[in-house]
Amino acid sequence: MATFAPMYSVNNLSVHFTGTYIFDDVSFLVNSRDRIGLVGRNGAGKTSLLRIMARLLEPKKGVVVIPQGHTVGYLAQELETQSTTTVLAEAMKAFHEAITLEQRLHRLGHEMATRTDYETADYMKLITRLNEANDRFHLVGGQTREADTEKVLLGLGFKREDFHRPMKEFSSGWQMRVELAKILLQRPNLLLLDEPTNHLDIESIQWLEEFLEDYPGALILVSHDRAFLDNITTRTIEISLGRIYDFASSYSGYVQMREEQLQQQAAAYSNQQRQITQVERFIERFRYKSTKARQVQSRIRLIEKMEKVEIEDTDKSSIRVKFPPAPRSGKVVVEGHAMSKSYGKHLVLKNLDFAILRNDAVAFVGRNGEGKTTLSKIIVGELEYQGEVKAGHNTHIGYFPQNQAELMDGEKTVFQTIDDAATGAMRTQVRNLLGSFLFGSDDVDKKVKVLSGGEKARLALARLLLKPVNLLVLDEPTNHLDMLSKDILKNALLQYTGTMIIVSHDRDFLQGLTNKVIEFKNQGIREYLGDVYDFLQARKLESLNALEQASSTPKTKEPERQTSDSKLQWEDRKIREKQLRKMRNQIEKTEEQISILEKEIAGMDAMLADPQRYLEVLNDAKSYKHYNNLKSQLEKEMRCWEELLGDLENSP
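Residue numbers for the sequence shown follow this note's numbering, beginning at 21 and rising by one.
FYI, nobody ran anything at the bench for these hints, they're computed from the structure.
Glycine residues also receive a C-beta, built at the ideal position from the N, C-alpha and C atoms.
One thing to keep in mind: the hints can contain errors.
Think about it this way: if two alpha-carbon atoms lie no more than 20 Å apart in a straight line, the pair counts; the simulated SDA-like pairs of lysine to any residue are [said to hold, decoys possible]:
| id | residue 1 | residue 2 |
| --- | --- | --- |
| 1 | 365 | 189 |
| 2 | 202 | 227 |
| 3 | 487 | 413 |
| 4 | 510 | 550 |
| 5 | 506 | 63 |
| 6 | 171 | 116 |
| 7 | 370 | 407 |
| 8 | 325 | 289 |
| 9 | 145 | 122 |
| 10 | 536 | 382 |
| 11 | 487 | 444 |
| 12 | 487 | 420 |
| 13 | 467 | 451 |
| 14 | 466 | 428 |
| 15 | 598 | 666 |
| 16 | 342 | 511 |
| 17 | 113 | 194 |
| 18 | 487 | 439 |
| 19 | 487 | 343 |
Derived CB-CB ranges, DEER-like [what the hints assert, rightly or not]:
| id | residue 1 | residue 2 | range |
| --- | --- | --- | --- |
| 20 | 423 | 470 | 14 to 24 Å |
| 21 | 282 | 455 | 21 to 31 Å |
| 22 | 517 | 191 | 29 to 39 Å |
Start from the sequences, fold in the hints, and give me the full structure.
So this is what it looks like as structure tokens:
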């Protein structure tokens, strides 16, 4: 049973901007197969930490140690690309080293073919260089680079006909997918991904989950998608108020463990304060009695030597969202008849008939490119179309676009952005409104172009509250928002008294929020009652991924049921395979932990074989307790290992 030594280390790292530390004296280790979720509030320093590890930002102090010969790949949250090549050509740039090695192999091969000094030392060195270059060529995927590139591009949602289209024809979100493909194809030893799912639909997210699950290197992932984090990560590092907290668990386990930790800390603090109060009362009562002098001095020394329990500072700041009461609209808020939309020769939506009624809460779901954002823009009046779409009586629309960051003027300040959109009495409430979205006095004069993705999202949400509306159209509103902000937004939407349409791939966010689901597929739409999981149950699907794969099935009149059944069988098989992989990974990790514990216990057993050392340990309560704890942990790990093996053997 092999163990893995730490491969990367962050030592005493400190970073501050404008005199304020983002994190201070932070240290942790990353093992060669770690799957780490990096979490924290917007602005906590997650992106800064990744940029430091990618050598793109210098810390104030401290160092990041990357072993010699190990590579690091970093996907930024936002990226401006200026590529003039095609999608395939841009993705193939990932194999720069392989192309260089291929050229070197040709030169070495030609040299070997033209030389005849087969017995010389120089010729043997030439063979060695050729073998080394050939081994490296295969290691970096040189021999399979075309097939690997196609596989990754298809997995990330591109169609084969897209491969030879120029990059400039694609939106920034699709260009980000190409950048992600390049990083995955480079196979770095340490993969740093900052919000990789923001521009992916659910089918692509599922593919990325499976890819990362089997990835041979280490991974540090920033994401605000709970399901994505839980499916991939086995360790969570939280950044909060300049400190880090490290938990050997995926996100859901971390949340529970962190809460228990804070509760235990609060209980210990309360108990100690009660003890201190009692001792201080005794001191005050008997301070001037000579008969109690010895006891008083003893208790004073007790308090002085006491190791004080402190309650950790936690970041309690949060946005405050409360939508204004919605004006009453007509029964039909918006409706469409025989509506179609094309981009040039590309038909996206065909002959749609739909109606959104007062107090409906509707989720738009489906693969990217099926028309969700297109219909949203048509409803709010941003796109031309064929057919009829009309708003009902007294309908007032508030719109949160997916590309809201691109629609804001980067040269304007935070204050100007809200002040210019405010009217009437809201003009006097601009600073209060910005404060409720965590823009302090130092932030309101920042230009929009320097804001983080999360700050831009908060600013766009703040604009929605400037006037009462009775139809909210929200296109991917949770992109860039931290977990707490997402929960607060969801609660605010649950209290909202108007009608809403939400485009989202975040299942956790949609659950319980909507009462209708509209599925986009094959240029049409289909309506289901209930929330997103009611919809999945109605379709007998276990995940939106199954929905999206089913949506790519060609239209047929009769065999549709048969096709859906085969898709379900395929999905069931994939789920079983995924569960088996997880069980094997758990067994491997348990075996590694058992090996570590056995070695440590063996070391202590060897020490205890010495009678003198045995007495020392026996008289040292801390060492003796540690020894017993090690044995208890070993028993626990052995039981867990046996249970896992039993589960694996009994798996279908």
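Results of checking the hints against the structure:
1. 365 x 189: Holds, because 15 Å separates the two Cα atoms, which is no more than 20 Å.
2. 202 x 227: 16 Å, holds
3. 487 x 413: Holds, at roughly 18 Å.
4. 510 x 550: Since the Cα atoms of residue 510 and residue 550 sit roughly 17 Å apart, the hinted pair holds (cutoff 20 Å).
5. 506 x 63: This hinted pair holds, its Cα atoms lying about 15 Å apart.
6. 171 x 116: 18 Å, holds
7. 370 x 407: Holds, at roughly 10 Å.
8. 325 x 289: Holds - the C-alpha atoms of residue 289 and residue 325 are around 16 Å apart, at most 20 Å.
9. 145 x 122: Holds, because 19 Å separates the two Cα atoms, which is no more than 20 Å.
10. 536 x 382: Within the cut-off at roughly 5 Å; holds.
11. 487 x 444: 9 Å, holds
12. 487 x 420: Satisfied, since the Cα-Cα distance of roughly 14 Å is no more than 20 Å.
13. 467 x 451: 16 Å, holds
14. 466 x 428: Between residue 466 and residue 428 the Cα gap is close to 13 Å, so the pair holds against 20 Å.
15. 598 x 666: Distance of about 17 Å is within 20 Å: holds.
16. 342 x 511: Holds, because 9 Å separates the two Cα atoms, which is no more than 20 Å.
17. 113 x 194: At roughly 17 Å apart (the allowed maximum being 20 Å), residue 194 and residue 113 satisfy the hint.
18. 487 x 439: 13 Å, holds
19. 487 x 343: Roughly 9 Å separates the two Cα atoms, so the pair holds.
20. 423 x 470: 14 to 24 Å: About 18 Å separates the Cβ atoms of residue 423 and residue 470, which means 14 to 24 Å holds.
21. 282 x 455: 21 to 31 Å: Holds - the Cβ-Cβ distance for residue 282 and residue 455, about 26 Å, lies within 21 to 31 Å.
22. 517 x 191: 29 to 39 Å: 34 Å, holds
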